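Each residue of the sequence shown is one higher than the one before, starting from 1 at the first, in my numbering.
Rather than coming from a laboratory, the hints here were simulated on the basis of the structure. It is possible that some hints are incorrect.
As the list claims (entries may be wrong) - What follows is a set of in silico ranges between Cβ atoms, one per label pair, in the way DEER data are often shown: (1) Glu433 <-> Glu259: 18 to 24 Å; (2) Gln178 <-> Asp245: 44 to 50 Å; (3) Glu433 <-> Asp40: 43 to 49 Å; (4) Asp362 <-> Thr454: 18 to 24 Å; (5) Ser347 <-> Glu433: 26 to 32 Å; (6) Ala342 <-> Lys286: 32 to 38 Å; (7) Cys214 <-> Glu379: 34 to 40 Å; (8) Asp118 <-> Val445: 39 to 45 Å; (9) Lys147 <-> Glu383: 22 to 28 Å.
Said to hold, decoys possible - In silico EDC-like pairs for lysine to aspartate or glutamate, Cα to Cα no more than 16 Å straight-line: (10) Lys463 <-> Glu275; (11) Lys238 <-> Glu357; (12) Lys463 <-> Asp232.
Just so you know, these numbers come straight off a predicted model, no measurement behind them. Built from N, CA and C at the ideal position, the CB exists for glycine as well.
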Amino acid sequence: MTDLKTAARRPVVGVLGGMGPFAGVEFVKNVLKLTPAEKDWDHVHMILDNHPHIPSRTRAVLFDEESPLEGMALACRKLEKWPVDLIAIPCNSACYWHPELQKIIKTPILDIVTVAVDALPAGVKRVASLSGMVPWLKELYRIPLEKSHREFIRIDEEDQNLVAKMIEDAKLAGEATQDMIEKMQGMISDFARKYNLDAVILACTEFSFFASACFSIPFVDSSTALAQRVVDFAVYGKKLDLNVDEIRQFWEKRAEMIEKQQTGILQSTMLTVSEEEALAREQKEKDEFLEPSRPFLNKSMSVMELGCGTGRWTRTLAEYVGHVDAWDYNEKFVELSKSLAANQGLSNISVNCASVEDVPRDRQFDGVISIALLHYLSEVQFESVMDIMMNCVRPGGIAVFRETFGVERRFELHGFYSTVLDTPYHAVYRTPEEIQAKLPGFKVVVEKITLPPTIDKPETCQKLLILVRVL
1 MTDLKTAARR PVVGVLGGMG PFAGVEFVKN VLKLTPAEKD WDHVHMILDN HPHIPSRTRA
61 VLFDEESPLE GMALACRKLE KWPVDLIAIP CNSACYWHPE LQKIIKTPIL DIVTVAVDAL
121 PAGVKRVASL SGMVPWLKEL YRIPLEKSHR EFIRIDEEDQ NLVAKMIEDA KLAGEATQDM
181 IEKMQGMISD FARKYNLDAV ILACTEFSFF ASACFSIPFV DSSTALAQRV VDFAVYGKKL
241 DLNVDEIRQF WEKRAEMIEK QQTGILQSTM LTVSEEEALA REQKEKDEFL EPSRPFLNKS
301 MSVMELGCGT GRWTRTLAEY VGHVDAWDYN EKFVELSKSL AANQGLSNIS VNCASVEDVP
361 RDRQFDGVIS IALLHYLSEV QFESVMDIMM NCVRPGGIAV FRETFGVERR FELHGFYSTV
421 LDTPYHAVYR TPEEIQAKLP GFKVVVEKIT LPPTIDKPET CQKLLILVRV L
């Protein structure tokens, strides 16, 4: 049997339901059915806000009536206060506002459309989505299907009206009667022939009533697919995908801004409002890092630095160690770092260009250092950093992390809009425990908060973590 402390560490999933009235309830039932639970306490901890008073998604699009965005945002903020680790919205039409909603909500919100497309069986090419009017009019499934190298098939208006009628019938009945199942089977068979379909997506949460029916072609029920993704996350520990392409583009843009003198060198990677603010913060950051680190640094040491950026920490470290082998994947940052080191007459630095997956592991160092890097890494990249630590820190050497961590638990941003940076922001703030679990044979000798949580950012804090390799 679980205890309250263990339960507190398990993921909590928020569900914004009520669009339509049975959508949230059916979704929760789907999660329960898909969870391999032997006892009550094996199930997923869910918070359901069944909110049928959010303005109509369909009327907002068809008749330019009140947008549901504000109502969805208010409901999501209430779920955030619980707090929850993930929000699921079992409504395909609501997904039209997903990008805007995610910009103003910190907690990751699953995109039911992308999840449903990901659940399609391999080999299917021509796919139609059977949905309400909003997904049909806005072709919500086109881009995700085309990104997955499939063909989006749009049914005509006459057939769409048949689908919309089936949705309303299911909504009113609160179930799929035998007569409705037979009509649905006939409709999908007709569509398969007419459009030469390989598969369909049941892209309305009311269609979950039909999820156990048999159809003439393969199908994905979007609500069931979303429920499975929640189970994968909360039960099996499958992490959310971090958009590393957008992160790379973000840093490329920051490097270009330096070239165009649109941002200062320190400001570019410290992500401050101005270069003056960055200068004011830099010495304090150095003091917070060096005071506990100095006893572990000496001029006979060779260290590797991962994610060196413009080299501000590379040049600082070079004053206290024998040699710094620095790495970053941004070519412009690497060249700038080399130039700045040369300008300071620092000859004990080598700066190299590679992503963490490609950094060589054939040498050992007295220390490997990661500063403000981990939260920009996918799970694969994070594992690469841990592998570098295991392979490249010699016995008696140190692994140093000055990183931003989740305060009480892992915290993630997947497109939350930063007003300071004027762009959506992507980051995964892991916990010190996640690092320690990946580094057997290392002992924590320093764990110090270098920047506490703030009112604006209560979910994260900056810490210095130093581990010594004892085995």
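Verification of the hints:
Range check, Glu433 to Glu259: about 40 Å between beta-carbon atoms, so the 18 to 24 Å window is missed. One distance hint, 44 to 50 Å for the beta-carbon pair Gln178 and Asp245, holds here, with the actual separation near 47 Å. A beta carbon spacing of about 27 Å between Glu433 and Asp40 contradicts the range 43 to 49 Å that was offered as a hint. Range check, Asp362 to Thr454: about 42 Å between beta-carbon atoms, so the 18 to 24 Å window is missed.
At about 40 Å, the CB distance of Ser347 to Glu433 disagrees with the hint of 26 to 32 Å. With their beta carbons about 21 Å apart, Ala342 and Lys286 fall outside the hinted range of 32 to 38 Å. About 37 Å separates the C-beta atoms of Cys214 and Glu379, a value consistent with the hinted range of 34 to 40 Å. Our hint of 39 to 45 Å for Asp118 and Val445 holds, since their Cβ atoms are close to 43 Å apart.
In this structure the supplied range 22 to 28 Å holds for Lys147 paired with Glu383, their Cβ-Cβ distance being about 25 Å. Restraint check: the Cα-Cα separation between Lys463 and Glu275 comes to about 23 Å, which exceeds 16 Å; the hinted pair is violated. The straight-line distance between the Cα atoms of Lys238 and Glu357 is roughly 20 Å, outside the 16 Å bound, and the hint therefore fails. With a C-alpha separation of about 30 Å, the suggested pair Lys463 and Asp232 falls outside the 16 Å cut-off, and the hint is violated.
Hint compliance for this structure: hints 1, 3, 4, 5, 6, 10, 11 and 12 are not met, and every other hint is.
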